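J.: Protein sequence lines correspond, in order, to chains A, B, C, D, E, F, G and H.
Using this note's numbering, read the first sequence as starting at 1 and increasing by one per residue.
Using this note's numbering, read the second sequence as starting at 352 and increasing by one per residue.
Using this note's numbering, read the third sequence as starting at 703 and increasing by one per residue.
Using this note's numbering, read the fourth sequence as starting at 778 and increasing by one per residue.
Using this note's numbering, read the fifth sequence as starting at 853 and increasing by one per residue.
Using this note's numbering, read the sixth sequence as starting at 1051 and increasing by one per residue.
Using this note's numbering, read the seventh sequence as starting at 1249 and increasing by one per residue.
Using this note's numbering, read the eighth sequence as starting at 1496 and increasing by one per residue.
Just so you know, these hints were derived from the structure itself, not from any lab.
A few of these clues could be false.
Stated by the list, open to error - Within a straight-line C-alpha distance of at most 16 angstroms, the following computed EDC-like cross-link-like pairs (lysine to aspartate or glutamate) qualify:
| # | chain 1 | residue 1 | chain 2 | residue 2 |
| --- | --- | --- | --- | --- |
| 1 | B | Lys645 | A | Asp21 |
| 2 | G | Lys1252 | C | Glu771 |
| 3 | C | Lys719 | G | Asp1308 |
| 4 | D | Lys810 | F | Asp1165 |
| 5 | B | Lys535 | B | Asp372 |
| 6 | C | Lys719 | G | Glu1473 |
| 7 | H | Lys1716 | H | Glu1727 |
| 8 | A | Lys294 | B | Glu673 |
To be verified - Examples of chain E residues lying across from chain C (beta carbon under 10 angstroms, computed):
| # | residue |
| --- | --- |
| 9 | Ser862 |
| 10 | Arg928 |
| 11 | Ala932 |
| 12 | Ser936 |
| 13 | Glu939 |
| 14 | Phe942 |
| 15 | Met1002 |
Just so we're clear, the structure is a prediction, and the values are computed from it rather than from any experiment.
By construction, the Cβ of each residue, glycine as well, lies at the ideal position given by its N, Cα and C atoms.
Next come the chains, spelled out residue by residue.
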Amino acid sequence: MNGNGTVFIKGNHAIVEAALDAGCRFYAGYPITPQNEIPEYMSKRMPEEKGVFIQAESELISINMVFGAATTGARAMTTSSSPGMSLMQEGISYMAGAELPGVLVNVMRGGPGLGNISPSQSDYYQAVKPGHGDFHMITLAPSNLQEMYDYTFDAFDLADKYRNPVMILTDGLLGQMMESMDMKHDRKPLYPDAKKEWALTGAVGRKGQRIVSLLMDPGVLEAHNIKLGKKWKTMIENERKYELFNVNEETQYLIVAFGSMARISKGAMKLMKDLKIGLFRPITVWPYPYEELKKAAAGVKKVFVFEMNQGQMLDDVKIGLEGSKPVEFFGRAGGGVPMPEELCDFINKNK
Amino acid sequence: MNGNGTVFIKGNHAIVEAALDAGCRFYAGYPITPQNEIPEYMSKRMPEEKGVFIQAESELISINMVFGAATTGARAMTTSSSPGMSLMQEGISYMAGAELPGVLVNVMRGGPGLGNISPSQSDYYQAVKPGHGDFHMITLAPSNLQEMYDYTFDAFDLADKYRNPVMILTDGLLGQMMESMDMKHDRKPLYPDAKKEWALTGAVGRKGQRIVSLLMDPGVLEAHNIKLGKKWKTMIENERKYELFNVNEETQYLIVAFGSMARISKGAMKLMKDLKIGLFRPITVWPYPYEELKKAAAGVKKVFVFEMNQGQMLDDVKIGLEGSKPVEFFGRAGGGVPMPEELCDFINKNK
Amino acid sequence: MRKGKIKIDENRCKGCKLCIPECKVDEIRMSTKSNKYGYNIVEFRAANRCNACTLCAIVCPEAAIEVFELLEDDK
Amino acid sequence: MRKGKIKIDENRCKGCKLCIPECKVDEIRMSTKSNKYGYNIVEFRAANRCNACTLCAIVCPEAAIEVFELLEDDK
Amino acid sequence: MNENIIIAGSGGQGVLTLGLFLAQAGLKEGKKVTWLPSYGAEKRGGFSFCSVVISDEEIFSPLVAYPDTLLLFDQRAAEAYKNSVTEKTFVIENTSLIKNDVVLTGRKTLIPATDIATSMDFVKAANIVMAGAYFGATGKFLQTTGEQVMGEMLKGRNSHAFEKNLKAFSEGMKFIKNPALVAGVAFIKNLRLLKKKK
Amino acid sequence: MNENIIIAGSGGQGVLTLGLFLAQAGLKEGKKVTWLPSYGAEKRGGFSFCSVVISDEEIFSPLVAYPDTLLLFDQRAAEAYKNSVTEKTFVIENTSLIKNDVVLTGRKTLIPATDIATSMDFVKAANIVMAGAYFGATGKFLQTTGEQVMGEMLKGRNSHAFEKNLKAFSEGMKFIKNPALVAGVAFIKNLRLLKKKK
Amino acid sequence: MKEKVLYKRPVALSEKPFSYCPGCTHSTIHKLIAEIVDELGIREKTIGVAPVGCAVFAYDFWNFDVTEAAHGRAPVVATAIKRIMPEKVVFSYQGDGDLASIGMAEIIHTANRGENLTVIFINNTNYGMTGGQMAPTTLAKQVTTTSPLGRDVKTSGYPIRMSELLLPLQGVKYIERVKATDAISIIRTKKAIKKAFMNQITHVGFSFIEVLSNCPTNWKKDPVESNKWVDETMAEFFQIGKIKDIQ
Amino acid sequence: MKEKVLYKRPVALSEKPFSYCPGCTHSTIHKLIAEIVDELGIREKTIGVAPVGCAVFAYDFWNFDVTEAAHGRAPVVATAIKRIMPEKVVFSYQGDGDLASIGMAEIIHTANRGENLTVIFINNTNYGMTGGQMAPTTLAKQVTTTSPLGRDVKTSGYPIRMSELLLPLQGVKYIERVKATDAISIIRTKKAIKKAFMNQITHVGFSFIEVLSNCPTNWKKDPVESNKWVDETMAEFFQIGKIKDIQ
Ligand SMILES: Cc1ncc(C[n+]2csc(CCOP(=O)(O)OP(=O)(O)O)c2C)c(N)n1
Ligand SMILES: Cc1ncc(C[n+]2csc(CCOP(=O)(O)OP(=O)(O)O)c2C)c(N)n1
Ligand code: SF4
Ligand code: SF4
Ligand code: SF4
Ligand code: SF4
Ligand code: SF4
Ligand code: SF4
Ligand SMILES: [Mg+2]
Ligand SMILES: [Mg+2]
């Protein structure tokens, strides 16, 4: 719209464009606020790209269709919001067990239960520690629309790289808002032509092969788990991502926040220029950049953790800091979104 | 059988007897190994106690029936194993959101995906950080059959006390094994006659009332979340439970393990009497007894964390220890159950 | 013929107009008023034709209409 | 009449006995043998009555039976 | 420039589109912009509101608590937002649907937007009339910017639609720029306010 | 006393019931006992095994890796468990279904349990024959204990069933206690073993 | 002149005005249920189970006990309640997205078990609450926000006729499809719903009432036109009438 | 004498012996599918979706590509595969617990969408793998591990006839109920399954074959008796035959 690749776009639409640019050709999704614009826009855009759009009849159907699509080697995605993501936990575990790539987007809303449809970050727990069994899932938390677009694209590459589901953890604020961002239609997906030898495309000139997660022979599942564990170690080594903002030798207070809350924290920092406040923003909330956090906090007096929940990432901050710094937590719950001023107040009171 | 209230019983059967003794009069469950003895035995025992037994047609149906049963004020339970528990995440969140009591039993097996049917502890993550939204669930991890029985009973009391779902986190080893234990048929449930004023029993002489989890008016869900948060703080204060075994001033190494792994650890300790090893066993894995762990570890050289997974409780040990002690982890994955000798080897190599 | 009248709860009426065609004697029409929610509402003409048939009340989704039969006092 | 014979893969047979009643010429019976999995298996009598009807093979869940038609060499 | 706008009304009044319109105007004049609707699709005649931030610098919080400009479409909206008004807030009220003046602080301009739109036989354009009022009263964007944006937003629709909208826009501007008219409305409405202020 | 038992065979052979039988015997004689079946219900002719631990002290690990006594029902079981045998292990093999002797360490007793049961026209009682062999060969529990437990486990069934089982039990004991018979079987079977040991 | 009240607001409705859009069938059916509860004198023993969908707020409007099930699960929540308190009158109230899409397994199994319940099914051919997406009941070629070119039966299938689908299940005793587009059809609908409640009270068993409903907002039609569309287009595919009735 | 092979093990079966119990219908149907794949020459373009249930191991026995869906979800996994590769032959293979209980929503929606797939439904009136619990297909009064006194239709409902249930869905083109208790019925079954595959290849659409099956182990009957029970008792309630056939 604004030429030169820059568009003024809704977060949920940015996700769709990124997926299509990354070569996603299968989408199954079920309506739920605040992500309805994704299936709606997809229902128009996917057929234009000659891909498959299915309005699934439930979130269980969505995730299991993504499972099926992934077995063929196709890039596939589903999206939902909090209660819908809970319903996908079994399917996510199956994908990880069967080593299938796929991208899941959680546009979080207030919970628990039906909750409300306001933005929230209260699925952090479920995102970073999903489903049953020993598995892990890279989880990226964008904090502006450029990142909604970029990280969704990245997610497809990462999913293929590791043969593992990857989640975009975002919320109704970023999903619903509009902002300018650069579209990169000519970005090339990693491994776009990589032959997925493991995919089920018909046993042409070979024996039948299988994609399964049941491994009953004694020891086989354990070996598989250990393999998944090693994969996870590689992810930890290679994929930790974070942003440091205003962190330097003089920083006296460190805010730790992700996603929407990180950008609101920046707003607070702008209002408090006289205090030396830095921000540590995990971009991959899983693998969590523990060491980097500890390093960033090394010189500060105090660490502030801000979340749109009652303290879920707080656990990871504690693990990262290993008791090295005092921590203060401020959260808004149940869909409450703070104004920068509230964060300033909290810092002033607790610094 | 062996007179004097002592019976030689299967773990899964002990759970049924405890539930009935605690006044559970509604059970809905779906077959899944290794907990099939629960619905099977229930199908016989529940009608004898004039309660409702329903073989649900899925785990979604189980948990939502328990939701319905709980709205009437009845004590209700469902049971499953790992993949089935994943399917219940939405329902659990709804129960917590609507403040409904109920008991859930997870007889864990190997994962991810379909995995296998061997004992495992790889749902620790999902148990202690379940579902979407800000809520918490007391989770008890028995380690012998007496505890299977006692804690299942406790779970009903706790659920009513806090109007919150409570989970028994156990595994195929404890579910399938037989051992002697004391039956306490005359133990009285707490609040057996307490009138659950909030229950839906017909609006006799009053206005209609409601049990819901949707709270759309601005601020109302947040207030509700804060209320749940306060409830959670009370649970942390009152319900942390743990066992110290051989922990004293002379203890040089501390094992941290829960459930089956804790008893196997005791077996290892027996084989290594010359080393001064103590065991810290969280009984409530949620709320986790962080401070007690730190205290127990205060004098030791090293902490060993043993789990039948690849290191899930390890996170909580790290939070508890706050970096105060070196930690070594040993886990068996994918349904592998260690022998005490393996643990001894690991300790000897890493002490 | 039976005589009747209706009472429309102004703050319940949402101006959906479903009652208008139900009234075979044309006793209901759009008013120029808006209620406190901003809905442009209907009004009872009171043209003395109402026969208390209740059809308008039956069709009103908001249960905004009450219907009264007017009885001769001496009856 | 057509002549035939069958070959039973001993380690596939599970002794389910479903083939026995299918053979209208009574060419299959339980043997006294067990295979390597411990299953008590059936055997072909080879009583020269087999007509290669294939019914036994069709019914065998294990695909343990192969059926051959025996052709006169000069044909 | 750092313009924080809240627009509030009910579903169907074109509140979100008006927000988008102002956002596009900001973009057109080279600003950073965010637009944030009321959360999700409250379909059942509920509240509708949006926050628009237009700024020379990067925008962190897209949510506006204390607006520089507040556009109120109806009574419920006025009730809901009266407390977000500060001394620096400039309020534009649609007096067609706000009969009871509850906003007692801030600077204020009144316009019977719905009536104006109705009089044009185009009741749906009340939001465009409000847009005109915004442009006219604040002068923050060029009138031509507004017209250009309108053209882009109506691309694909027939020229008749465009002209009708343009008319509504200029009616809004005209009204607000006519001190007599505004005063006429504002005078009565603001009596109470003035009294209070004293 | 600290007796770690593994019983292994295939589904349908009564492996789990035999385990329960031994467990009950332990209980009857005042021991602590755990019984652990193969995980879950592998219904499709798969492995079946169980661990039984009988001890004077509290039992921590119910899983047995290196048994004191190993009861093997068939060839597959023998293959699967040959490596869990240590020098101290006492092995009881059902030679009716173990034709190929693969267990090369440990002390061993052989009994054609399935044949004995079949000869009684009660093939399902092979496990009870094995129980008799266990009682007879190890002497760890009183014969009367075994008989009492059997009575309790068959409570509610007719007395004919009880007597048939009792018979199978005593046939097992008898066989194992008859050195000639045992030797006869064992001699041939153990030739290879003896050779290896040298 | 004396006045005799011929119609007044039922007592089983709360004071709160419906939050539904003007002319929405949800309001009409809510009202009918309240009237029936009044007429049967069962306000003190009725328990409603609200769905996820526009009617998620039903609890605000009925003045008897109401709970709210997770999306699609209302029938099983109702089942548990009824099994525990068989003397209560328990019903679930569900939209077509809720009942015919995500809740398909729940409604079928509940119907099949023949639970002694009443199910009110509001079929408005779309997901009203979330903004008018395609539902399993959306008509062929109908345009929705996720079928921008109209429902393509080749990829999305034909609309599901829930009433006919439940017909073969032996546990189901009564099925009727009704509409609520004018006073006459509303009177019929009320009769059907009342019968469904009576079936429960007299232990006949599972009853299912499908109400062809409008959704003026998402259909982008005013209420009068919407009801016309129900009468003319919707009722052509979803035939009005009694589908099963076993006493 | 020369020998001509009249029957031999199909190539589309792997070497691995079936792990199913002796006489189990699963083995028979696995074999038939392999025969059909051989005969149609589609080994290189067939993709099977195995269920959770005894046949969870199907991938070990078929020598073509196979994946394994979560419990009950096979039809939607198959749908995604088929939509992405419409030229492949895709089928799901499911037990009655899998398909008729937990997977009810998935099978109905897949059938309704009229996916061009083949579904093989192994109805053995119980949950074989987990030890013989009651299924939605369990006959009235049938004893199982969770219906120790026999299925009580008053609380558990009547058995669900899946084939009849799918009948009204317009997307469904072919439904046949078959059995595999003797050579004759196996030949008929093979014909039905082959037709179902052919329907897919010729783009006719969704086909559904219900196979009345045994479960000797959990029924505690030997294979011969089991098959007799299928013939005499099961087939009385679940009538054998073609239920729908639209070309
Ligand atoms: C698990 C889950 N998925 C999706 C949603 C979002 N959602 C809310 S209402 C609704 C659909 C409502 O449609 P319908 O049942 O037809 O009711 P209507 O609003 O049309 O009356 C959906 C999908 C949800 N709340 N939970
Ligand atoms: C979500 C989930 N629930 C339950 C199970 C346990 N489970 C495994 S197989 C099975 C039932 C199988 O029955 P059926 O589909 O009839 O197949 P059969 O074994 O009879 O062929 C169940 C319930 C599971 N694996 N996953
Ligand atoms: S009661 Fe009948 S006659 Fe009177 S206003 Fe209503 S519809 Fe008209
Ligand atoms: S039907 Fe009711 S709500 Fe609709 S216009 Fe008439 S009175 Fe108003
Ligand atoms: S092929 Fe026919 S005749 Fe020959 S053995 Fe088999 S069944 Fe008998
Ligand atoms: S049918 Fe096959 S498996 Fe069964 S007995 Fe005959 S050859 Fe053996
Ligand atoms: S969105 Fe549709 S269904 Fe929902 S209240 Fe409005 S008109 Fe009724
Ligand atoms: S348990 Fe039943 S269904 Fe499963 S393999 Fe055995 S006989 Fe077949
Ligand atoms: Mg609907
Ligand atoms: Mg089955």
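J.: Out of the numbered hints, which ones does the structure contradict?
T.: The structure breaks hints 1, 3, 11, 12, 13, 14 and 15; every other hint is satisfied.
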